[in-house]
Amino acid sequence: MDDLNELYQDIILEHHKRPRNFRALPQPTHRAAGHNPLCGDEVEVYLAVCDGRIEEVAFQGQGCAISRASASLMTEALAGKRIDEARKVFAEVKDTLSGDAPEAGMDEIGELAALQGVRRFPARVKCATLPWHAFEAALEGTKRVSTEGWGDLSRFGAAEI
Amino acid sequence: MSLDKAQEIAPETLAQVRGSFPILAQKIGDHPLIYLDNAATTQKPLAVIDAVTRYYREDNANIHRGVHALSQRATSAYEDARASVARFIGAADSGEIIFTRGTTEAINLVAWSFVRPRLKKGDVILLTEMEHHANIVPWQQVAEASGARVVPAPVTGAGEVDLDAFRGLLQREPVALAAFVYVSNSLGTVNPVEAMLAAAREAGVPTLVDAAQAVSQRPLDAASLGCDFLAFSGHKLFGPTGVGVLYGKRAHLESMPPYQGGGDMIANVSFAGTTFKGPPERFEAGTPHIAGVVGLGAAVEWFKGLPREQLWAHEDALVRRATEGLSGIDGVRIIGTAREKVSVISFLLDAAHPHDIGTFLDAEGIAIRAGHHCCQPLMARYGVPGTARASFSIYNTMEEADRLVTAVRRVARFFS
Ligand SMILES: Cc1ncc(COP(=O)(O)O)c(C=O)c1O
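Going down the list, the protein sequences come from chains U and D.
For the first sequence, counting from 1, position 61 maps to 61 in the numbering used here; every step adds exactly one.
For the second sequence, counting from 1, position 265 maps to 265 in the numbering used here; every step adds exactly one.
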């Protein structure tokens with residue numbers, strides 16, 4: 001139960017029930033869909049980028065508590081950041097979720113630290129990273145990513161299809 | 001066959017059956033393991049574990065090749081298992097039993113060796129919407145290779161094959177083969193295979209029955225069913241992984257080219273040309289999974305020795321009890337409410353995604369599966385990304401069924 005409380009922290013449950021920026025942007029400069037065929041999760045991430053700065057991030061889709069909360073937290077964490085800063089946040093989140101970063105490292109990323117309970121649940125890491133991979137795909141101009149693609153399966157399992 | 005008439009099973013018999021599965025006597029964290037992922041794979045009784053161990057300790061050798069004692073023992077163990085399986089599923093003779101890697105390979109074998117050579121452009125391979133990917137993808141592959149089409153017969157809201165539509169397709173379309181599941185792994189539906197097979201026979205269409213789930217859930221008699229092919233996996237019948245069975249009518253098997261080439265399947269090889277053995281060897285190229293086959297033979301003999309009718313009745317009671325309990329929880333929706341249904345409960349919870357249910361239950365020692373269960377087209381049919389699935393076997397208990405219900409109630413509270 002301790003691990004479970006660690007996974008489903010109050011912040012996670014709260015973002016799951018009341019996701020922030022849960023909408024489509026009418027005129028996104030970037031957008032991409034993330035798909036996890038194993039559980040059917042779908043997330044669409046929208047960005048409004050101006051002069052290298054992310055002005056708005058929003059998402060839509062269906063998914064588990066972890067992927068939804070992760071997406072919601074992501075929209076708050078990335079809004080207002082320059083693209084290079086946002087990429088750095090993603091890298092930190094990735095390292096933290098994969099267990100490559102010490103837990104303390106999460107302090108620098110504020111509320112996102114709530115995601116760290118996922119590292120004890122290897123089967124759920126993909127749920128947490130799905131929206132982030134969609135975000136990255138949107139930046140790169142890839143329309144769609146899948147956790148089970150046949151490209152280079154990184155340890156996060158995301159690849160282009 | 002009616003299971004209602006089976007007498008109630010004695011608690012000692014149940015305890016004895018359960019006691020044959022050493023893996024079940026463990027804790028996951030602080031909780032006793034409750035294994036409800038039996039549709040994915042069943043656990044293995046001591047009879048199987050011991051048979052595999054004994055084979056490796058005492059008899060291991062390659063088969064059909066050596067004159068020495070071990071090779072002869074290994075060969076008889078392998079061929080005895082074939083005879084056991086033949087008797088178990090009512091094959092006319094052991095030559096109709098081909099050992100494969102599992103259901104998947106058995107279906108691929110039929111797709112490439114039986115169907116592909118006779119498939120013409122515009123032909124139809126008739127399936128149902130409730131098929132496992134193993135009974136969809138191989139057909140798509142051969143259809144693509146020959147310009148044929150794969151057409152699924154519709155499934156009703158309750159999760160039953162629409163029999164009239166199935167018959168209609170058989171009559172209207174140029175069907176080259178009808179392949180369908182006996183017991184659905186994601187809904188638990190028991191299909192009216194006798195009626196489906198009769199309809200196919202009337203239309204002169206050969207058939208394949210996917211018995212992956214049925215083999216542990218229903219008496220199987222290939223000859224009286226009258227199907228042309230039937231496939232199942234050892235690991236869902238209390239046997240090892242990596243071994244399965246294709247049953248095929250001898251006349252078909254005789255007419256089919258090899259699926260793979262290699263050792264053991266040839267009569268004579270020369271660079272001028274090679275001749276092949278007859279079935280079943282023609283379809284078993286290379287050194288097979290001998291220990292797996294031995295384990296499967298042991299599983300079949302063990303299972304045959306059980307009071308199966310009573311155990312199935314017990315399992316049905318577990319499913320009914322858990323279904324009633326789950327239905328009483330606010331926000332639970334059960335997918336698959338066929339009149340004839342066994343073993344499986346697929347469900348959704350308003351408050352929680354299947355994945356969250358799975359993680360939560362795992363923390364209480366309860367193993368279920370969350371996802372699409374290799375039935376994406378069926379999930380699409382119900383407009384859901386996936387379900388949480390609890391699947392029961394003969395060794396589960398009433399207490400486990402009740403614990404599942406209590407735990408799901410807690411999940412519902414936790415996430416709402
Ligand atoms: C109905 C059905 N068909 C086919 C399969 C495929 O079996 P295997 O993976 O053992 O080849 C399964 C198992 O998941 C199944 O449940």
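Bear in mind the hints are in silico, worked out from the structure with no lab data behind them.
Don't be surprised by glycine CBs; every beta carbon is placed ideally from N, CA and C.
Check each hint, because a few of them may be wrong.
[Said to hold, decoys possible] If we take Cβ atoms under 8 Å as the criterion, some of the chain U residues that face chain D in the derived model are:
| no. | residue |
| --- | --- |
| 1 | Leu4 |
| 2 | Cys39 |
| 3 | Gly63 |
| 4 | Gly80 |
| 5 | Ile83 |
| 6 | Phe90 |
| 7 | Arg124 |
[What the hints assert, rightly or not] List time: in silico EDC-like cross-link candidates among lysine to aspartate or glutamate, alpha-carbon distance up to 20 Å:
| no. | chain 1 | residue 1 | chain 2 | residue 2 |
| --- | --- | --- | --- | --- |
| 8 | U | Lys17 | D | Asp330 |
| 9 | U | Lys17 | U | Glu111 |
| 10 | U | Lys17 | D | Asp350 |
| 11 | D | Lys27 | U | Asp3 |
| 12 | D | Lys27 | U | Asp2 |
Checked hints:
A distance limit of 8 Å between C-beta atoms decides the matter here; for Leu4/U the minimum to chain D is near 5 Å, and the interface restraint holds. Checking Cys39/U against chain D by beta carbon gives a least distance of about 5 Å; that is within 8 Å, so the hint holds. About 7 Å separates the beta-carbon of Gly63/U from the nearest beta-carbon of chain D, less than 8 Å, and the hint is met. A least Cβ separation of about 30 Å between Gly80/U and chain D goes past the 8 Å threshold, and the interface hint is therefore violated.
Because the smallest distance between the Cβ of Ile83/U and any Cβ of chain D comes to about 31 Å, over 8 Å, the interface hint for this residue is violated. Using the Cβ-Cβ criterion of 8 Å, the hint placing Phe90/U at the interface with chain D is not satisfied: the shortest such distance is roughly 22 Å. Hint status for Arg124/U relative to chain D: holds, with the closest Cβ pair at about 6 Å, below 8 Å. Among the hinted pairs, Lys17/U with Asp330/D is consistent with the structure: their alpha-carbon atoms are about 18 Å apart, no more than 20 Å.
Distance hint between Lys17/U and Glu111/U is fulfilled; the C-alpha atoms sit about 16 Å from each other, no more than 20 Å. Pair hint Lys17/U plus Asp350/D holds up; C-alpha atoms about 12 Å apart against a cutoff of 20 Å. Restraint check: the Cα-Cα separation between Lys27/D and Asp3/U comes to about 16 Å, which is no more than 20 Å; the hinted pair holds. For the proposed pair Lys27/D and Asp2/U, the alpha carbon gap of about 17 Å is at most 20 Å, so the pair holds.
Consistency note: the structure conflicts with the earlier hints numbered 4, 5 and 6.
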